[in-house]
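Generate coordinates for the entire structure from the input sequences, incorporating the hints supplied.
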Amino acid sequence: MNDFDLDDGLDLEMDRRLAALARGGRDPALPDALADLAWRVQLEAPAASWAGFRRAMGGGFGGFRRAGLAFARLAVTIALAGSFLLLVGNVRSGGSAADFVQAESTPNPSGAAQAPGAPEVVIVPTSGVVDDVMADYVSGAISRAVSDGAAAVIVQLDTLGGSEAAMQRIVEALNARIPTIVWVGPAGAKAASAGTFITLAANLAYMAPQTNIGAASPVAANGADIAATYGQTEADKVMNDAIAYMTGIAKDRHPQAIAWAVTTVQSAQSYSAQQALAVRGINGIASSVADVLSQANGQTVTTSAGQVVIHTKGATTVTINQDVVQSLLQTLDDPNIAFILLVIGVLLIAIEFFHPTLFMGLVGALCLALSFYGSGSLPLNVLGVVLVVLGIGMIVLEPNIPSHGLLTIGGVAVFVVGAVAFYGSPGPYLPTSAVAWPIIAVMAGAAAAYGLLLVGTLMRMRRQPAPVGAGLVGVERIVGQVGQVQADLSPVGTVYVGRESWSARMKDGRSVARGTRVRVVGQDGLTLIVEETG
Amino acid sequence: MSDPLGPSTESGMFAKEAYLTTEPVRAAAQPAVVRDQAFDAAFIAALEGELAMAYRFAGYLLADSAEAQDAVQEASVRAWRGWKDLRERDRFHAWFSQILVNVCRTRLRQRSRRRALDVDDVDLESADPFRAALARDAVGRALSSLSQELRMVVVLRYWGELSLAEIADRLRIPVGTVKSRHHAALQALRRRIQPLEGGSR
Numbered sequence: 001m002n003d004f005d006l007d008d009g010l011d012l013e014m015d016r017r018l019a020a021l022a023r024g025g026r027d028p029a030l031p032d033a034l035a036d037l038a039w040r041v042q043l044e045a046p047a048a049s050w051a052g053f054r055r056a057m058g059g060g061f062g063g064f065r066r067a068g069l070a071f072a073r074l075a076v077t078i079a080l081a082g083s084f085l086l087l088v089g090n091v092r093s094g095g096s097a098a099d100f101v102q103a104e105s106t107p108n109p110s111g112a113a114q115a116p117g118a119p120e121v122v123i124v125p126t127s128g129v130v131d132d133v134m135a136d137y138v139s140g141a142i143s144r145a146v147s148d149g150a151a152a153v154i155v156q157l158d159t160l161g162g163s164e165a166a167m168q169r170i171v172e173a174l175n176a177r178i179p180t181i182v183w184v185g186p187a188g189a190k191a192a193s194a195g196t197f198i199t200l201a202a203n204l205a206y207m208a209p210q211t212n213i214g215a216a217s218p219v220a221a222n223g224a225d226i227a228a229t230y231g232q233t234e235a236d237k238v239m240n241d242a243i244a245y246m247t248g249i250a251k252d253r254h255p256q257a258i259a260w261a262v263t264t265v266q267s268a269q270s271y272s273a274q275q276a277l278a279v280r281g282i283n284g285i286a287s288s289v290a291d292v293l294s295q296a297n298g299q300t301v302t303t304s305a306g307q308v309v310i311h312t313k314g315a316t317t318v319t320i321n322q323d324v325v326q327s328l329l330q331t332l333d334d335p336n337i338a339f340i341l342l343v344i345g346v347l348l349i350a351i352e353f354f355h356p357t358l359f360m361g362l363v364g365a366l367c368l369a370l371s372f373y374g375s376g377s378l379p380l381n382v383l384g385v386v387l388v389v390l391g392i393g394m395i396v397l398e399p400n401i402p403s404h405g406l407l408t409i410g411g412v413a414v415f416v417v418g419a420v421a422f423y424g425s426p427g428p429y430l431p432t433s434a435v436a437w438p439i440i441a442v443m444a445g446a447a448a449a450y451g452l453l454l455v456g457t458l459m460r461m462r463r464q465p466a467p468v469g470a471g472l473v474g475v476e477r478i479v480g481q482v483g484q485v486q487a488d489l490s491p492v493g494t495v496y497v498g499r500e501s502w503s504a505r506m507k508d509g510r511s512v513a514r515g516t517r518v519r520v521v522g523q524d525g526l527t528l529i530v531e532e533t534g
Numbered sequence: 535m536s537d538p539l540g541p542s543t544e545s546g547m548f549a550k551e552a553y554l555t556t557e558p559v560r561a562a563a564q565p566a567v568v569r570d571q572a573f574d575a576a577f578i579a580a581l582e583g584e585l586a587m588a589y590r591f592a593g594y595l596l597a598d599s600a601e602a603q604d605a606v607q608e609a610s611v612r613a614w615r616g617w618k619d620l621r622e623r624d625r626f627h628a629w630f631s632q633i634l635v636n637v638c639r640t641r642l643r644q645r646s647r648r649r650a651l652d653v654d655d656v657d658l659e660s661a662d663p664f665r666a667a668l669a670r671d672a673v674g675r676a677l678s679s680l681s682q683e684l685r686m687v688v689v690l691r692y693w694g695e696l697s698l699a700e701i702a703d704r705l706r707i708p709v710g711t712v713k714s715r716h717h718a719a720l721q722a723l724r725r726r727i728q729p730l731e732g733g734s735r
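Line order of the protein sequences matches chains A and B. Quick note on the numbering used here: the first sequence kicks off at 1 and runs consecutively. Quick note on the numbering used here: the second sequence kicks off at 535 and runs consecutively.
Since the hints were derived computationally from the structure, they do not count as laboratory data. Incorrect hints may have been included.
[What the hints assert, rightly or not] Simulated coverage check for chain A against chain B, where a stretch passes if three residues somewhere in it have a Cβ under 8 Å from a Cβ of chain B:
1. 10-23
2. 32-40
3. 493-505
[To be verified] Anything over 12 Å on all C-beta distances counts as not near chain B; from chain A, calculated:
4. Arg169
5. Asn240
6. Thr263
7. Gln307
8. Lys313
9. Asp323
10. Ala365
[Said to hold, decoys possible] Straight-line distance between alpha carbons at most 20 Å, and here's what the computed EDC-like set of lysine to aspartate or glutamate pairs gives:
11. Lys713(B) with Glu13(A)
12. Lys507(A) with Glu532(A)
13. Lys713(B) with Glu700(B)
14. Lys713(B) with Glu695(B)
15. Lys313(A) with Asp148(A)
16. Lys713(B) with Asp15(A)
17. Lys190(A) with Asp334(A)
18. Lys251(A) with Asp241(A)
19. Lys713(B) with Asp11(A)
From the three backbone atoms N, C-alpha and C, an ideal C-beta is built for every residue, glycine too.
Right, here's the structure in full:
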């Protein structure tokens, strides 16, 4: 070694040992794969151009292959995510789904031969959160009923509420050229929040016995109301808007019950079917669709086409159901499913961050998109979402920022707080919702168990003796091991022991032939001292 | 981060002019068949002189023959891409070493990131010739415990047999830094192997 740049403080013994080690052994031979590299590089490097791109993907250069794969995967990701977002955006904006219903409709959707003169009534059964899917479905079905020349359309309703925009679209659709009827049913059903507006917006409103209407005002699941979350001014503004909207609807359809209708908003009152009927807020109590048909027959209502007398006597009914996509999308509105999707999405993206495969990230992004789609009609609490994401982030970071489990504990706590506060109720139309406790408990438990396992493993690793080299057999462990002579010991040769080749000589200096089994009894520098096994 | 060493490669990743328009040195003198393949003889001669040393350096630095092969290939590809723009061809040795050091540095960095979570995947089986060669002395085995910076200095110094000034050139860092890293590396190695060898020797 060139000594001119050595100085005093240097550990000369280490220096000497390293130099000896570097110069001592025979270097591994240049592999054949590299021998003609200079030629191959010139042949294959141009393969990175577009013309030879395919060749590079299958060729010998890891760099190109990786670049190619990453590029292809990126393209697929962008294409998939893009088309998905397009689909969601389209459905969300209500662009195509209504046409979708239309396009599927046949001139006579029932398929049954229509008896001449017999009126046809279209039934639209709905349930769940009032969202854009429901709005598309209801408005599509109503316009189909209009074009089919139906005598009336009955919307069967059972909802806890939903988004204001979707509700307004349904309210507008209920003002059709044919009579519209909302029936809150079957028994046990609710027309809460946005559902109240929809019920009262139809030409005729009927409720089944043991059903409820009202509470169209913010009462949050966590006890906080809109004033606490958004301040009194905002609360007043939202409330006044809702009251004005309700007044407008009631004035058109139920002029005798305007004051009553306003109380469902203003003081969050809920009423039974009998109470609603007593103040003439609804037109009657009907236990079934047939009951609705017989009660509605002969009534005079004002449609957008003017005064119409309803003829539903002896009518045939046609039920228009949601298509598969619509019912699938509507299940996403479930508060628990939206929450679970968000957690899975964030988790997968976090995993993608540490183990890039793009697949995880793609699935995670889809989960997130679905989650936000679903929670679009739910009273999402931004603070809750932030806390949940933060908690997951803390738990995921545990292995990278050693904190002896503190991160996991904090993460689980933050996660639980966020999950509890995941939904607020910032509007009169939205349903009150919350994430189910068992789901929070199971998720927090799983995170805690994962954290414990991880911290335990890290602790164990820390207590272990330092690994000697890259998975190699330590000096202290080689003595006593049994191996086989690779090259004759005459007197020095090689012995294969502990999955490695070592220089070795016999204890007594004898020569031993290849293949002999020997035991290591000692070590002299880099040479093992062995004896023949018995 | 842009590549501080070697030719810029990012911009030319898929730019075909980097390869296709390279004028072969003796293309005109070659028979038609060979001219199709258009080899650059000067490049071949220069690179072939480097391969053995490059493989040895990468092998001991990465302690993995397969990865060393990959690294040498990658460095060769980069060298071929930058060959056209290399003005002083007599500096090929230093230039190529810088590319190789850079490639290896990237690989070490990626490896430390990749292996942060998996505990003991590949390391258990070790028929690798480089690891076996390093394993002949506890100092060699302790090499893997060094940080990437220290390890590069040690391997360049002893297996590359470079002076501190040359190391400074390859790593593009001041000589003083090389010196202090060299010191630190040897001290770290001693601390590492002392408990195994029982006190000071």
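Sort out which numbered hints this structure fails and list those numbers smallest first.
-> Nothing - there is no hint that the structure violates, so all of them hold.
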